[in-house]
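Take the sequence shown: its position 233, counting from 1, is numbered 233 in the working numbering, and each next residue is one higher.
Some hints here could point you the wrong way.
Listed next, the in silico DSSO-like pairs over lysine-lysine satisfying Cα-Cα at most 30 Å (straight line) [what the hints assert, rightly or not]:
1. K185 / K308
2. K503 / K578
3. K749 / K762
4. K185 / K349
5. K690 / K783
6. K185 / K227
7. K117 / K191
8. K392 / K191
9. K645 / K618
10. K530 / K542
11. K716 / K766
12. K716 / K749
Honestly, the hints are just simulated from the structure, not real lab data.
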Amino acid sequence: MIRKKHMTLCFSLFLALSLVLGQLIPVSATDEVPAEVPVEETGIPEAEPVQPDPEPTEEEPGVPPEGETPASAEDEGTPVPTDPAGDGQGEFNNSTDDMISGADDNAETIKYGTVIKSQTVGNVEIIATYDWTSGLNENAQMNVREIPDNSEEYKNYLERVKAVTEGDNTFAHFFDIWFTVNGEKVQPTGKVNIEFNYLTPQQKDSADSIIAVHFGEGSQTEILGPKQIEQTETDVRSVEVEATSFSIYGIMALASDVAPGETLNLNLACTGTLKGTSSFYSSYWSSSDDSIATVTGNGSTATVLGKKQGTVTIIHTYGSWNNQKTEQFTVKVSNLTPVYVFVAAVDDKEQPYSDEMLELLQVTNKNDKQYFAAGTVLLDLSKFTKGSVKSKLTDDADWDELINQIKNNTDSHLITGNSNNPKNTVADYLTYVERDYSAAPGSVGNRKSGMWITSLDTSSVGGNTFIGGAVDSSGNPVAPSNNHCWHLDFRFQCVHINYVYGKNNIDSGECKDYNPAGTKVFIKGAQMDKTPELGELPEGYKVAGYYTTDTFDPGTEWDGIYKPITEDTDVYIKIVPKDNAVINYVVQEGNGTVTDPSQNDAEKKSGTDSFNPDSNPKGSTAKPAEGWEFEGWYSNQDCTNLVTKDLVINPIAPQGGWQETTNITYYAKFVQTTKTLVVSNTVDGNAGDKEHYFNYQLIILDSESKIVETKEFKLKHGETSEVFEYPSSHTYVVKQTDGLDHDTTATGKRRESEIQHGTYTKSEQKHEGDLQDHTIVEFTNIKDIPVPSGLNDHDSAIHGFVLSAGAGLLLIVAIVALRRRMNAI
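Please take these sequences and the hints and turn them into a complete structure.
Rendered as structure tokens:
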């Protein structure tokens with residue numbers, strides 16, 4: 001049995017041994033305080049660290065631009081890749097929104113040359129001329145509407161003019177003019193020249209003044225001084241004005257009043273205005289001979305009507321009964337009567353004049369009965385057979401007199417045609433008028449030659465406005481409220497050019513040999529200034545010449561230029577197939593192919609589209625090679641004029657259609673498919689230096705492993721490099737060139753799938769891979785230092801031995817005591 005004193009002795013020995021060993025063990029180096037102790041983040045912004053050899057940048061990192069508030073502590077957390085698209089894809093956003101440039105307010109003005117736009121309404125052709133200084137789009141659409149003279153709108157504008165002018169208007173035409181771009185109305189910012197051309201001269205009184213008027217916004221009425229007026233004493237040809245905005249424009253003739261003591265010259269059946277002295281009291285007007293001229297007074301203004309040749313005195317009496325005054329005017333009436341001329345633009349079989357004949361006469365408007373207005377002549381009707389103002393044409397002598405007066409009276413104005421052609425007025429063809437003596441008077445367009453007294457329907461004869469020459473049904477001059485007047489209706493002898501397909505050895509179809517091809521109608525004696533050609537030919541053919549023989553014999557060529565056409569003529573047409581138009585398709589840049597229409601759409605580096613100009617090209621399809629993308633079709637070799645970005649190009653015919661001379665080329669451009677690469681750096685561990693800028697080197701190699709580019713950059717903890725973009729056929733190597741005191745690893749992954757990508761070589765601290773997808777390479781740098789415990793490895797072994805020995809000794813004592821007890825039993 002173990003005695004109590006033995007146990008006490010063993011425990012005392014164990015305790016003493018432990019104390020001795022504890023004193024013998026020296027203090028370990030790990031008992032010292034570490035040089036660097038991780039400091040817990042407090043949320044208080046720290047000063048920017050001093051960085052070794054910083055790279056020059058446009059803006060210091062962490063320093064806000066001038067005028068901006070510094071970022072808060074919360075904003076200075078771990079930097080992460082930006083996400084401009086807000087789609088969770090960071091800087092890899094593939095949206096094209098940022099690639100499309102918006103409108104540039106400071107874009108340079110596009111300059112272009114002179115642009116001419118025209119439109120014809122009624123008897124007026126309106127021409128707008130402008131350039132880039134006008135501020136109008138080069139391709140703006142011009143629109144014109146004539147205000148009908150029987151509408152309330154017309155009356156309103158007429159009243160507005162009268163409110164700002166003096167004198168009666170002889171005629172007035174109002175036009176609504178506006179420009180549009182893509183259907184939207186636009187206004188100029190500069191000047192635009194507007195010309196009003198009367199296709200048939202507009203009649204006026206000799207004393208009339210021509211004005212132009214512009215109706216602006218609201219009630220604004222602006223009287224314009226025309227830049228230029230082409231006119232004679234009796235008609236107006238054109239008026240030109242300068243416009244700075246567009247709305248309603250008007251061209252008007254204002255009657256000029258004759259003052260006391262002056263002379264008013266009148267033609268028979270025409271009126272004029274006299275302006276007397278205004279008086280508060282009554283006034284009245286009288287004529288010294290009412291058979292020569294009558295007068296109708298309205299206060300201080302009077303209208304005089306010429307009734308026969310002679311001179312009269314018009315007396316104006318005004319003032320109070322006991323203080324009456326008089327003033328006199330002289331009126332001279334000529335022996336001439338204005339007569340309107342109309343021509344039936346058809347032959348005796350009602351076939352209309354050819355376009356070439358109308359163009360020669362500059363005719364653009366015909367009424368529904370195929371008549372066109374040809375102007376005005378002044379005639380002395382007393383010289384005809386009846387010898388009075390009521391004269392009509394009754395025999396050859398009258399017709400001869402008529403033609404003689406028209407040719408010799410310089411105040412007569414018939415339309416003129418092409419100034420290059422000596423045969424260019426209606427008067428030149430009067431020899432070939434179909435004279436008619438028996439026809440009864442009828443309305444305009446009765447298709448008989450003669451001189452009649454009828455009502456003039458101005459709306460149906462090309463816009464002639466009634467000016468003067470008003471007569472009653474018997475031919476007596478009357479006030480112009482009665483719109484009966486004298487007019488001449490001409491119908492001319494005509495000749496025909498009959499086109500026939502000659503011996504072209506074609507046995508069928510439209511152009512079969514000796515098939516008629518069409519007929520053109522001309523006034524007899526016409527001399528053309530260009531060869532009259534057929535309008536439409538069978539598809540795929542062209543005219544090779546016109547001949548007077550069916551076999552196209554040499555020396556029988558015919559062109560009709562400046563040769564009077566005095567009889568019907570057969571002209572034989574020689575036709576041949578058209579030459580093909582050609583379009584070429586070429587791979588200009590990059591790696592890809594285009595389909596070749598000439599070889600059943602085989603894929604080649606170039607192709608040819610050869611087709612008849614009357615048909616359409618087949619087009620071509622671009623096909624990029626692997627690793628390449630199609631950028632677009634271009635119309636020039638430098639690939640700057642983009643036609644379309646579509647793979648398929650279907651060429652559109654130019655204005656005027658495809659021509660035999662067409663030979664154009666479209667160029668396909670391919671570019672390599674590009675992918676992006678970014679590099680990030682994360683620093684971890686209790687001793688990791690998060691303020692240290694780690695150095696990196698990026699090496700880009702092409703498909704043949706040749707170095708294409710090398711870049712060096714720095715990243716500290718939490719930073720991401722710029723987005724590098726390279727062709728997808730390239731490969732990359734990213735090396736971290738410092739940080740050897742850290743445990744460095746790197747992983748790569750594809751953005752689209754998050755799949756691990758590339759390989760990392762730890763010994764060289766490099767990551768490498770291809771650029772088949774958008775890639776991110778993430779470097780991680782870890783540095784850890786053990787936490788101090790007061791023991792090193794050697795001390796820990798000794799303490800363990802001592803403790804083990806003490807425990808063993810206690811166990812032996814316990815076993816011995818137990819055996820002795822057992823033996824005692």
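For each hint, the structure was consulted:
Annotation: proposed proximity of K185 to K308 is violated, straight-line Cα distance about 54 Å (limit 30 Å). For the hint linking K503 to K578, the alpha-carbon distance of about 18 Å falls within 30 Å, and the restraint holds. For the hint pairing K749 with K762, the CA-to-CA distance comes to about 17 Å; that is within 30 Å, so the pair holds. For a cut-off of 30 Å, the pair hint linking K185 to K349 is broken: about 48 Å separates their Cα positions.
Distance hint between K690 and K783 is fulfilled; the C-alpha atoms sit about 10 Å from each other, no more than 30 Å. A C-alpha spacing of about 26 Å is found between K185 and K227, which places the hinted pair at or below 30 Å, so the restraint holds. Distance check on the hinted pair: K117 and K191 sit about 14 Å apart at the alpha-carbon level, within 30 Å; holds. Of the supplied pair hints, the one linking K392 and K191 is violated, its CA atoms being roughly 52 Å apart against a limit of 30 Å.
With a CA separation close to 18 Å, the supplied pair K645 and K618 stays within the 30 Å bound. Only pairs whose Cα atoms come within 30 Å are accepted, and K530 paired with K542 is accepted, the gap being roughly 18 Å. Our distance criterion of 30 Å between C-alpha atoms is met by K716 and K766, whose separation comes to about 17 Å. About 21 Å separates the Cα atoms of K716 and K749, which keeps this hinted pair within 30 Å; it holds.
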